[in-house]
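Based on the provided sequences and hints, a complete structural model is requested.
From first to last, the protein sequence lines are chains A and B. With the working numbering, letter number 219 in the first sequence gets 219, and the count goes up by one each step, no holes. With the working numbering, letter number 67 in the second sequence gets 67, and the count goes up by one each step, no holes.
Derived from the structure by calculation, the hints contain no laboratory data. Small disclaimer: the values here were computed from a predicted structure and weren't measured. Positions of the beta carbon are idealized from the N, C-alpha and C atoms, including for glycine. Warning: the hint list may mix true and false statements.
Computed, partial: chain B to chain A, Cβ under 8 Å [said to hold, decoys possible]:
#, residue
1, L68
2, L71
3, Q75
4, T77
5, L81
6, R82
7, T85
8, L88
9, N112
10, L114
11, Q167
12, L171
13, S180
14, I181
15, I185
16, K186
Protein chains: 2
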Amino acid sequence: MSRHLMTQFDTDLQEIRTMLLEMGGKVEKMITDAMKSLVERDSLLAMTTIDYDHEINRLEVEIDERCLEVLALRQPTARDLRFVTLALKIVTDLERIGDQCRNIAKRAQELNELPPLKPYIDLPRMASIAANMVTEALDAFVRGDDQLAYAVCRRDDEVDLLNEQIQRELLTYMIEDSASITRGIKITAIAKCLERVADHATNVAEMVIFMVKGKDIRHLGCDA
Amino acid sequence: MSRHLMTQFDTDLQEIRTMLLEMGGKVEKMITDAMKSLVERDSLLAMTTIDYDHEINRLEVEIDERCLEVLALRQPTARDLRFVTLALKIVTDLERIGDQCRNIAKRAQELNELPPLKPYIDLPRMASIAANMVTEALDAFVRGDDQLAYAVCRRDDEVDLLNEQIQRELLTYMIEDSASITRGIKITAIAKCLERVADHATNVAEMVIFMVKGKDIRHLGCDA
Numbered sequence: 001m002s003r004h005l006m007t008q009f010d011t012d013l014q015e016i017r018t019m020l021l022e023m024g025g026k027v028e029k030m031i032t033d034a035m036k037s038l039v040e041r042d043s044l045l046a047m048t049t050i051d052y053d054h055e056i057n058r059l060e061v062e063i064d065e066r067c068l069e070v071l072a073l074r075q076p077t078a079r080d081l082r083f084v085t086l087a088l089k090i091v092t093d094l095e096r097i098g099d100q101c102r103n104i105a106k107r108a109q110e111l112n113e114l115p116p117l118k119p120y121i122d123l124p125r126m127a128s129i130a131a132n133m134v135t136e137a138l139d140a141f142v143r144g145d146d147q148l149a150y151a152v153c154r155r156d157d158e159v160d161l162l163n164e165q166i167q168r169e170l171l172t173y174m175i176e177d178s179a180s181i182t183r184g185i186k187i188t189a190i191a192k193c194l195e196r197v198a199d200h201a202t203n204v205a206e207m208v209i210f211m212v213k214g215k216d217i218r219h220l221g222c223d224a
Numbered sequence: 001m002s003r004h005l006m007t008q009f010d011t012d013l014q015e016i017r018t019m020l021l022e023m024g025g026k027v028e029k030m031i032t033d034a035m036k037s038l039v040e041r042d043s044l045l046a047m048t049t050i051d052y053d054h055e056i057n058r059l060e061v062e063i064d065e066r067c068l069e070v071l072a073l074r075q076p077t078a079r080d081l082r083f084v085t086l087a088l089k090i091v092t093d094l095e096r097i098g099d100q101c102r103n104i105a106k107r108a109q110e111l112n113e114l115p116p117l118k119p120y121i122d123l124p125r126m127a128s129i130a131a132n133m134v135t136e137a138l139d140a141f142v143r144g145d146d147q148l149a150y151a152v153c154r155r156d157d158e159v160d161l162l163n164e165q166i167q168r169e170l171l172t173y174m175i176e177d178s179a180s181i182t183r184g185i186k187i188t189a190i191a192k193c194l195e196r197v198a199d200h201a202t203n204v205a206e207m208v209i210f211m212v213k214g215k216d217i218r219h220l221g222c223d224a
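Below, the structure written as structure tokens:
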């Protein structure tokens, strides 16, 4: 391979990295905005967030196409091949996080039409951890940093615990006052969406660990 | 490309198809077994199902590696490249379905230690639809059949409705008798797992539609 081709190839990989980070940044914003539309009862922001999912979907198609081009034209092997195919998988997780944010914003719209049930305290915490996990999982990918990826995996337990706590607390509300059931179910659904966002970030982190460490570590998960 | 290489390449693609269908068959069995371990209160089967997840994980790594080999050695382009990269994405969905089944089996073990709350009627229906969706989504992939893929997407609504119905029904139980809360939450979690299985099947079906129809249809979902 000529020096020229090597350089062009490096540029291609760098471009994929940049596109993924851009998509990650937009997904992170979507998580934050979806939560803000709920906490601040801002249904206009909820609508903007729902619309914004198109932008995430557009980026998914664009990055996918770029990866396919690189595979077809540059025919990468070994580590580079793993990088590009992993980028293809990661972009799917990012797109699905976008779907979860759209779901959160839809529930927020519905909840904003009803009287407030209680102040949101744990949900914004959960959202902020989940958004952070997404950013760090992507950083771990572009840097090939398995230690950071392990750290992301460990935070997933924190999110799961918060989710369980929220579920139990809302159940108490719903048992005490059946008028709160509709709202309770909607808030429960939002917590589940955030749990899934964190799951996607964890999935990305696990794939990064596999990319860095090789196949033996895969499916040993974060305890390894 | 020589005739010999063409033939070898066709064999490679056929092998990936066969491996994916094998993995799909095993995932379908895992869904069925996880549900059976709950309905028949068979904790031994639940344990076997949890263990079986290793087999699914092994297949994921194996198919991934095979796809990478084909990409590196055969350097497919156009439609074949799309097929292989899509196989890489689908295998991730199948593996995550395995994770959901493991979660169901774990909850089944816990529920089998407690007195029965109510007969399971909607959950096995949900499981059977979800298992069927997985099989059909894979069939749609290997045959490149977008009509079948659309049919899979449409069934997702059925699963979502069943899930909502189960959530509401269990809530009624939990409100009427607080002694049922622990069991109610566990059964609710199982319904959620099945909903996620169906979501993964739908994701696969949507990607198949994209593969067959091209990018314009993507993210228009199943209404297109």
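Item to check | Violations among the numbered hints, reported as their numbers in ascending order | outcome: 9, 10, 13, 16
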